[in-house]
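Got chain P sorted already, so can you dock chain E onto it with the hints?
Each protein sequence line maps, in turn, to chains P and E. Taking this note's numbering as reference, the numbering of the first sequence is continuous, increasing by one, and the terminal residue is 670. Taking this note's numbering as reference, the numbering of the second sequence is continuous, increasing by one, and the terminal residue is 1340.
Heads up, a few of these hints could be off.
[What the hints assert, rightly or not] Mimicking DSS-like on lysine-lysine, the simulated pairs with C-alpha atoms at most 30 Å apart in a straight line are: (1) E:Lys1177 <-> P:Lys599; (2) P:Lys231 <-> E:Lys730; (3) P:Lys333 <-> E:Lys1246.
[Unchecked claim] Calculated from the model, a selection of chain E residues having no Cβ within reach of chain P, i.e. all distances over 12 Å: (4) Asn1146; (5) Ile1267; (6) Gly1273.
Rather than coming from a laboratory, the hints here were simulated on the basis of the structure. Computed from a predicted model, the values in this text were never measured in an experiment. Cβ coordinates follow ideal geometry from the N, Cα and C atoms, glycine included.
Protein chains: 2
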Amino acid sequence: MADTSDETKLIMEERRRMDIKVEEITNVIDGGSNNTTLRRKITDMIQNDAILSDMDQFYKTEEEKYSRGIRRALRVRKLDVDFNDTTTQRILFIATGKEIGLPIHSGVFVPTIMNLGNQEQVEKWVPLAVNFNIIGTYAQTELGHGTNLRGLETTATFIPESQEFVVNTPKLSSMKWWPGDLGKAANHAVVMAQLIIKGESYGMMPFIVQIRDLSTHLPLPGVKVGDIGAKFAFESNDNGFLILDNVRIPKENMLSGVAEVDAEGNFMLKSDPRVLYGGMMLIRVNLVDSQAVFPLQQACTIATRYSIVRRQGSIQSGGDEVSILDYVAQQHKLFPLLAASYAFHFSSRQTHELYKIINAEVKNGEFSNLPELHALTAGMKAYLTEKCLAGTDICRRACGGHGYLQASGFPNIYLQQLASVTYEGENTVMFLQCARYLMKCMSGVINGRKIVGIPSYLNERMSDRCHATSERDLTNHDTLLQCLKHRSSFLIRQAKEKIDSLTKSGKSYQDVWNITSVELVNVARAHLEYYIFSSFLQVIQNMNASADTKGKMGELCSLFGLHTINENMADLLRDKYLSAKQARLATEAELSSLSRIRKYALGLVDAFDFTDKTLMTCIGTYDGNAYERLYENAKRAPRNKTEVNEGFYNQLRPYLLKGRDILEGTKSKL
Amino acid sequence: MADTSDETKLIMEERRRMDIKVEEITNVIDGGSNNTTLRRKITDMIQNDAILSDMDQFYKTEEEKYSRGIRRALRVRKLDVDFNDTTTQRILFIATGKEIGLPIHSGVFVPTIMNLGNQEQVEKWVPLAVNFNIIGTYAQTELGHGTNLRGLETTATFIPESQEFVVNTPKLSSMKWWPGDLGKAANHAVVMAQLIIKGESYGMMPFIVQIRDLSTHLPLPGVKVGDIGAKFAFESNDNGFLILDNVRIPKENMLSGVAEVDAEGNFMLKSDPRVLYGGMMLIRVNLVDSQAVFPLQQACTIATRYSIVRRQGSIQSGGDEVSILDYVAQQHKLFPLLAASYAFHFSSRQTHELYKIINAEVKNGEFSNLPELHALTAGMKAYLTEKCLAGTDICRRACGGHGYLQASGFPNIYLQQLASVTYEGENTVMFLQCARYLMKCMSGVINGRKIVGIPSYLNERMSDRCHATSERDLTNHDTLLQCLKHRSSFLIRQAKEKIDSLTKSGKSYQDVWNITSVELVNVARAHLEYYIFSSFLQVIQNMNASADTKGKMGELCSLFGLHTINENMADLLRDKYLSAKQARLATEAELSSLSRIRKYALGLVDAFDFTDKTLMTCIGTYDGNAYERLYENAKRAPRNKTEVNEGFYNQLRPYLLKGRDILEGTKSKL
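Excised from the complex, chain P in its bound form (with noise of 0.2 Å):
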């Protein structure tokens, strides 16, 4: 029996200990035992697949990451799954630790043309493109030109004569640039272009552009393509960028779902335009889980385990080296992330839902709901980017200079999350989407109309006044509720009446909207905080779990709450809403939760169920041993495989047998 290491005994010791039913959590997190049932299955085979099982990244090159990502891609098609399950399709991309290529291609190519082509359109191309004959990528934004939508230059002109369009891209700023896949990949490409017919702009549309030879693979006559060069991270993707010079391709080749351009030239839509930017939103949707969510629970997993083993100082004097998991300093870095990573999973999981319901009427022609969801998407994908980056970072300082090791896990985790902020649409852009939604929403209260949906809020009477007397008070789901509700009705109010006194003086709307800018900003965040903190508490009360569950997720919720609103104190004192005394017992009430939830943090993060091969860490894994495999993968460096370095020691080796004689000279002459 091999020796079990210090650290192991310390983690296997705080399991022993702990009182929580992490089975039932689990099954929580995924959405009832079936699921838990299905994820572990799926991990199964995919852990027990040859290629697919070999999820290693330390001391990989960028090459060798791309050319496995697309062995990997090829091979995760032949597996015996349903990819059309939403369920299905979170669990391969969390198990296969994220490293499958031609993401573009699998993730937005194929759904684009299935929501944006006519059903002739998508019978040809979407069987080809499953199948790999050919790859394909979304080209939207331009070297010059991102979240702007409308500022795109890229044209597609009809040309009645050939029936077709020449796409042209004019500029070196209309270059499309950053798409994936694009860069050595792609062979077809769709081209967001302003349609162009008899001199007359029609707006942004969807045209497939095949621009490599699919025999040769080399770029077809008049385009330019290539890879941007090297990024922060997403080695294995070919993030690039296409210069086309009147590339000509046939009339059909305009998806024409939505619109369509008929022999004559004539433009024709043919549902709301709207629908063009559906794909957006589920983009945003499905993101925030695979992109923020799940790599902070990761995080917390890493830095809680990691913060159980590592002993350094003591507390009591003279006692032992304890775990610094007891400093509270240490608690209060984990937990309050640890209680937003359950309250972002859940509350992500009621977006979907919402999601469902409002595409499903959108289908029918029913677009009522649809600001409500896309000014929902917008902030959720800002909000929660943007809380999971600093949460992630957290967890890695949290475990000191170690963390910044790749074998800690956290480069891997940390510099994928780092694109989420700005891609899929700016946070700022995005939080100010959601924000003008929320200024409409006001208008209409102030107008006598009554809001439905979340932002439903507006219409209520509020208490001027929070009652709480205790901490106790403070930890109520009830009460934090009502203060997050009135912190984000404040905000709204000030910035609504920002707006209409800047607005009186005689300011045209665009400027009006871009001095309240900043204060747009926070009304978005302070309505987000308190959607999020009710979608988990509805979760809680239907629930299908044990009262200890219940409890335990009751106190990540309190906890949540507690934090958000001990960061955002200020909004509330200045309302006058909470008082001096009552901040103060927020404070306490904040820290108390604290060490009730060291008693069962590992069961919590233990919870998640993530593989140590999903997690690539040494410092994290489930048996704690930190320092052995920090050691052993060491060992394994590229830099380790020779004694001497030849780039260090051919430069320096006369300088060295200098030194040699130098100091045998010293040592003779004693």
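What follows is chain E alone, placed relative to chain P:
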């Protein structure tokens, strides 16, 4: 004449329009025009040197970066400059793009011997090291122990028989882990180890241990050494591990400036043991400049310039697209950081001055001001690394997606900075050390002692209310100083009350400290913000510059103060020092300041006077030519050397040929 791009025209036009004395501000930043001249002279030397001028960091492998670092380290010593001059050292660091190898050898090993060795040891080892005849590292942290020095497990046991020490890392967790230059380069190390004589421990002492043979460069018997593996960045450094299995060193290898062991094994203290830690203070003072403040200034430079040339959307209905710097939300991201980067620079210079004074006192045996210096350097290290890191990422995001490209320059800057929050003292521990000193001062005040130095504001009787009634009042330097002073004082007193009340309830000192730690970290932050603001004020008061420049520096100082207060408004509202109305005025005052600074923000970043080579950016160069540079740089990417990527094509070819057949079949059917 080559065409000038739209972007270059835009930035040149902005420069013509602005009214700011850039060169004068550069002189102020440099600390006098002489320093500006020296800096430019050294920068020219480097940029004209065949080896040192190559600062291209894009698309290099780890080993290329490592070898290059060594080559540059050897080369830089040959420059005709005064290496002992601290200004020169700083200039060299920036002007070489921070890409100089063997930084721990030059920056820590040599100074440690100079500080902690006796005269004989300095004369023996320093020339060897400076001439690269030996390469050394400083080995303190262990795999299982970092910031808590007393927990280190490495031992050096005196052997009277042979007049040797036997140095030992007894367990896996006690191997040295992290020291820079250790993995592959160092043949000597200053090893920090518990001195043991006749079974008794005398605390941590420094020992010079040879670890590799000077002829073969192979590890000596009893030594295991290697690289600890991949990190977020710092690929040009071989951070290493070191296992010492009963390695014997001669008695004279204990660095004996502070304490000595005689032939019989008697331990003799020669000076105050706190001198042992003096080196850490100097490292902290220096690193905040080089690893925190300079990077933030660089990030501000890139983001501000790019925000001028990047255009998106229009503010006036139907108007042209505008520079994104015209958006208030963008100004609110960047200008407070720009103000902070000035504030940090000047306050850091004040800390340098204080270090020089107190260090001179210490050399004369006067230790009374050492605790203040220790608290200040620890606190500043934590505060500035934290703020500058966060600031750099805000700048990166302000550049949208392009900030994620290596070509933006941000990955280089940011990934190095990421390490700064945990190395040389984990930040939470550093904040708590600063707070501990402040709590001692507060105890002093309560006991009627008059406090001297920075926290002397604790002696003052302060006003209960701020009397500002306008935006203008709140922009006033003295009002802001009183706010920051009041806040710090309030938090210190509140923490002290909590500590006293917990102590009275019977809790141990350690328990009380742990329970109050979250508040104490905030205490330290508030104190440091007061210190930074007041230092900036002092610098402005003594500044040898025109009224115009003083006015602009004053505006930055106000913005720093206002932004700090707005971010921490709850502290001032809780104490009722500010009213809700005043809070609102403070927000508006900050926003007003942004529109004033907008007019000359470009000049403020130009004044940092970074060369394009040092910035290593495509999007933030002096000429603003962002898009052409991005495209040129993309074309250089290794992946673009061939049109067809083998890693992709070899795997997909059969699928694609089938695609060709299907599509041609489709066509022929038409």
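Against the structure, the hints:
no.	hint	in the structure
1	E:Lys1177 <-> P:Lys599	21 Å, holds
2	P:Lys231 <-> E:Lys730	13 Å, holds
3	P:Lys333 <-> E:Lys1246	28 Å, holds
4	Asn1146	21 Å, holds
5	Ile1267	15 Å, holds
6	Gly1273	23 Å, holds
Checked against the numbered hints given earlier, this structure breaks none of them.
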